[in-house]
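Protein chains in written order, with the numbering used here: chain G, 1 to 372; chain C, 1 to 373; chain S, 1 to 586.
Don't read these hints as lab results, they were simulated from the structure. Model, not experiment: these values are computed from the prediction. Any given hint could turn out to be false.
No more than 27 Å apart at the CA atoms, straight line, and that leaves these computed lysine-lysine pairs for DSSO-like [to be verified]:
1. G:K140 - C:K289
2. G:K216 - S:K502
3. C:K3 - G:K167
4. S:K502 - G:K49
5. C:K372 - G:K167
6. C:K289 - G:K142
Each chain, written out:
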Amino acid sequence: MTETSTERPVAGAPPRDDILLDVRNLKTYFRVMDGVVPAVDGVNFSLGKGHTLGIVGESGSGKSVTALTVMRLLDIPPAEIGEDSEAWFDGRDLLKLPESDMRRIRGNDIAMIFQEPLTSLNPVFTVGDQIAEQVELHMKVKAREARDRAVEMLRLVGIPSPERRAKQYPHELSGGMRQRVMIGMALSCEPKLLIADEPTTALDVTVQAQILELLKAIQERTGAALILITHDLGVVAEMVDNVIVMYAGQVVEQGTVDQVLLEPRMPYTMGLIESIPTVEKRGGRLSAISGVVPSPFHLPPHCRFEPRCPYRWETCRTVTPELYNAGDGRVARCHLHLVEATARREAAIAQHRQNMAMGRRFTGAPDRLGDR
Amino acid sequence: MTKFVIRRAIQAIPVLFGITIVVYGILLAAPGGPEAKFANNPRMTQEAKDKFIKAWGLDQPIPIQYCRWMGLCNPETEGTMLGSLPTPAAFIGPSGLPNFLPTVMSGATNGLLHGDLGRSINSGEPVVDRIARAALPTFILAGIALVVWLSIAITMGVYAAIHRYSLFDNAATVFSYVGFAMPTFWLGIMLIFIFSGPGLNILPAGGMTETRLSPPFGSDQYWAYFGQHPVQALTDIGKHLILPVITLVVVNIAGDSRFVRASMLEALGQDFVRTAKAKGLPARVVNFKHALRNALLPVITNIGLEIPFLFTGAIVTETIFSWPGIGKLTIDATREFDYPILMGVLLVTSVLVVFANLLADIAYGYVDPRIKY
Amino acid sequence: MTAAATPSVAEPTVKRKLRRRPPAAIRNGRALMIAIAGYVAAGLFILLLGLVIGARGVSGIILPALAVVVPIVVLCILTVRLTRTRQVWALALVVGWAAVVAVAVGFLIATMASRQPDANATFFAQLLLTPPFFLAVASAWHFLRGARWFNGEWEHPLKADESGARPISAPLVVSAPPAPADSVPSAAHATAGTAPLAAAGAPAAPVAPGMDGHEPEIRPIVAPEVAAPASAEAGRPLVSVQGLKKHFPIYGGVLRRQIGTVYAVDGVDFDIMPGETFSLVGESGCGKTTLGRTVIQLTPSTDGRVVFDGYELADVDPEDMRPLRRRMQIIFQDPFGSLNPRMPISDIIGEGLLAQGLTDRQARDKRTEDALELVGLRREYTRRYPHEFSGGQRQRIGVARALALGPDFIVADEPVSALDVSIQSQVLNLLLDLKRDLKLTYLFISHNLSVVQYFSDRVAVMYLGKIAEIGTVDQLYADPRHPYTVALLSAIPEADPRRRRKRLVLKGDVPSPAAPPSGCRFHTRCWLRERLGNPERCTTEDPALRTFGEEGHRVACHFAEDISQTTVEQATAEAPAVVAAAVEGE
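Go ahead and model the full structure; you've got the sequences and the hints to work with.
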């Protein structure tokens, strides 16, 4: 289960046993020439064993950096991780582990699948070698067994004639095949947690369907927990139990998939969902969130979504919002959930329902002028 | 792959043919001509000059000269056609078959096609022999320098890329720029001044062998001496090698180490390096197996292009250190208007460049599975 | 079969024949001209060489060389400019070439005769004369071969006003006095037929907010001449595509001969009516992008017809194509790669105007700023460079670039695929607004079926270079009749957890378009064929597009009748077994 911020255990102490990954106050900054970019700015979430979590956001929202920070795959410097950030996995804080211990976890306990399967595979080694290399390292087996295991993994992910395919180079495989290889590689050491970063974005619709079905089947079978990072709400709706919505480095809404997608409580999530073109909206204009994602160097000082928000009022410009309880265990980073804003909240929710039903436009600045 | 090699070899034929024309044209365009060496010689009479011109066939029209040099024409046949062209009879060799055919068939021995690049105007020695004699010293010097500077440059570049912006990286950058900026002749002279000057005087200032100890390098006497005292001879050459090798290494390391560093940095930034890290591989394997193999792909092309250097050597360095190699030969031939030797050196260099390119392409196709010819 | 394939495609009226692109013989003749230019350069080099060797007495070649080089340059220019139009000119040129050679040879002989013959001077002169002699012979051969192509088909070049293109020098938007944001009236496009400039002076009356359900917004007022409808006749297709093919050769082997063909687009028929949004959907490699580019002849077609508003486009002379290019524009997918990073926005947008003959810098800048305003960007942005903009803004710049030329027909090639969800809807709305305000017709290319369903009127589903199914959005989405369409629709992930369902998952990947499967191209992945017990017909006979059910709904499947709710459900229930089986196989 995804925990809300109110039930968190004390800092520095491991979480309950049924929690596989517990990320607390995760902060990642990039120190670059022009200043400091807060790519991830205080993210909290936890993931139960065998559960699925979706992290949704647009490019630059920090969803990939969150995963890379937990995996400790970022170069330090330029990246910097907050002092009090914690990422508890299996009773250990990943962010405090020595590099050698972390290496034993990577690929073994936590495996990752990346977006672009062509560039993510080394072009000069055969796919079989690339899987076997990992098996040999983590499972401490002979080269021969590792190769057999690689072929077996290729068969598991539904690649026809795996013996032949294992001897091929990545460029000789199609996009869908390569992603299957990536999945096979990730699963080869039976990880407890699988992190998939936009696993289907580079693929065609029918291949995407294949890969999603494969991920589902494999998760069902191995019982691994899954973190699915994507910008596609459709993929999230198909795949996960709980969802985190990120915007400009922060979690802005968190809840079950039904809660977040059907009854969003944060104007940004509402806008995202309303802007999906559907058959009901034909003939009318799409609702669109006006404006653009703020530059990481010039983030709005309080609510980061405020300049684009159609429901904003004075408080939004003067008070920094926190993750407020938005009922039924969900949280949302929006002042609409303050007690004194009840009327506004009701109005916003009503507006959202109306927009969803009618395909009406968002009541923000007109989007033809959105970029001015 | 075989098809590719065949295709490239076929493509090389017109290129090589073009090279001969260009080499010929360039020397034709050079002012003077072989007879220019007499320009400042007051004792030279017009008759002697004419005799010289006639003897070397310089009175013939350019196409005939070229065809004779190439070995297309029989040099014994006189006469022109259409004002400037060789007569059909000139293309017939001594045996009655076309002159360009191999010696066993045509009986002809002249010209490039029969392995004859003419004779040196000054010494009368065949150009091929003269070049072959100078090639060994150059090969020794350039080969050792190339191996040393490539190994240092690759190590330096890779290390600097892995530890980007570290003290070492910055120091390597400074060293590279100093090397870039340093003129060869200045560095060479400074080295001679320091190590062979009156102060230290621990290394020889020039030449390849100690003339007081051994006969001149390359002569038959030398090889006899080499057979008797191999250790002494090798130490002697080794001592003479140190300064020119240092000069070449310092000057050439800069570009290559920068190139390797950039290439390695690019490889380290690739997605598959991130994948390798995510697999839990130790940094050593990530850097030296996954990144390095990819980073070296463009370096191979670069190395391929440096192979002709083994032959051409370094003109300035060889001249400063009086190294009896191709570089020095070129300078001497230029000074003495020895056109056949210059043409020979230019030609062999160009041909080597063509083949080095071919080699680099083949090597690239061999190490990069994505390249299919 | 072709007749059966095109029952509902009306024979388009052809307005006027355009001059055809010269055939390969003449085009190669132009390559020959380039070779001549190269020769001239080489000649000058030899001249220089001659000057250097002048000390040895070669100066005599300069005059004969000039006598050759100058006429060649003149003839090069004349050949390129004139051979396209009149046969008589081509013949005259052949005569001209012969004359040049004769004169030059005569001059040379005369010069040589008057001087002491120097073997090397003669050689250089010969060097200079030989190539033009061969070139003259070769070009004579080319012209005589190409002469068949003229056949008295000469027409005057197509003029811009005749082509039905909108004027490019006129303003795009009516400049309204600067006013506070909320008081500027909403979109009011002048109705068709209004006197062009009369309306331009007086801004249209404000339209009441809330009209057609929208909030009031600042929208630039489109100039009436621009808002006038396209010149296409009503009821006639604006674009008619018949049997269109685009094949790309694959070269290989020792001699680089053609060893194969990529059948990117392989016989496609459809009509696009004026004011319609016609969409092409399909997976990568299905040929939709190539088709889009071939329709507007950005890449010349291999075979088939494209009739645009009565003009047959295939093989048209570039000069005649230019005014038509104004009417057909394209928006590219990648907003980062498609804008030259070293050009300011004014040049990116203005370049097309310049190519269309708008040489007045001020008029061009005005038009550029108008186009920016039309897509919702500030007029001042013209001085900036692409890297200063976000992805969404860049895509707007791409749209402005297309709009600056006043097109009727826009090919939008995946215009929103590279954008974030929230930006995607902004750009889609923009395209819809522009379509309404400027009476545009879209060919919308996308792989996103949800976007297509929302955005378009009619849809064609492509698979491996052919249309699998075509119909209105309602026909296609409600009653898909091609097994591939069914699978595509089933694969759409929907953002509604309540609609979570089992998918009909296709096996394998799209085969290579260089070796398309025999018969029906989809048979290798077809679930329906499997259910029907693999009938042989699918592998032997290429199914024609046939009308199914309602008018306009056509499908290329032998067994379209066998698709029903039950078959789809059964197939869906079985399909995941493919993956499961693989898992069990561990």
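Hint check results:
1. G:K140 - C:K289: Satisfied, since the Cα-Cα distance of roughly 19 Å is no more than 27 Å.
2. G:K216 - S:K502: Since the Cα atoms of K216 of chain G and K502 of chain S sit roughly 11 Å apart, the hinted pair holds (cutoff 27 Å).
3. C:K3 - G:K167: Holds. K3 of chain C to K167 of chain G sits at ~24 Å (cutoff 27 Å).
4. S:K502 - G:K49: 25 Å, holds
5. C:K372 - G:K167: 16 Å, holds
6. C:K289 - G:K142: 19 Å, holds
Comparing the model with each earlier hint shows no violations; every hint is respected.
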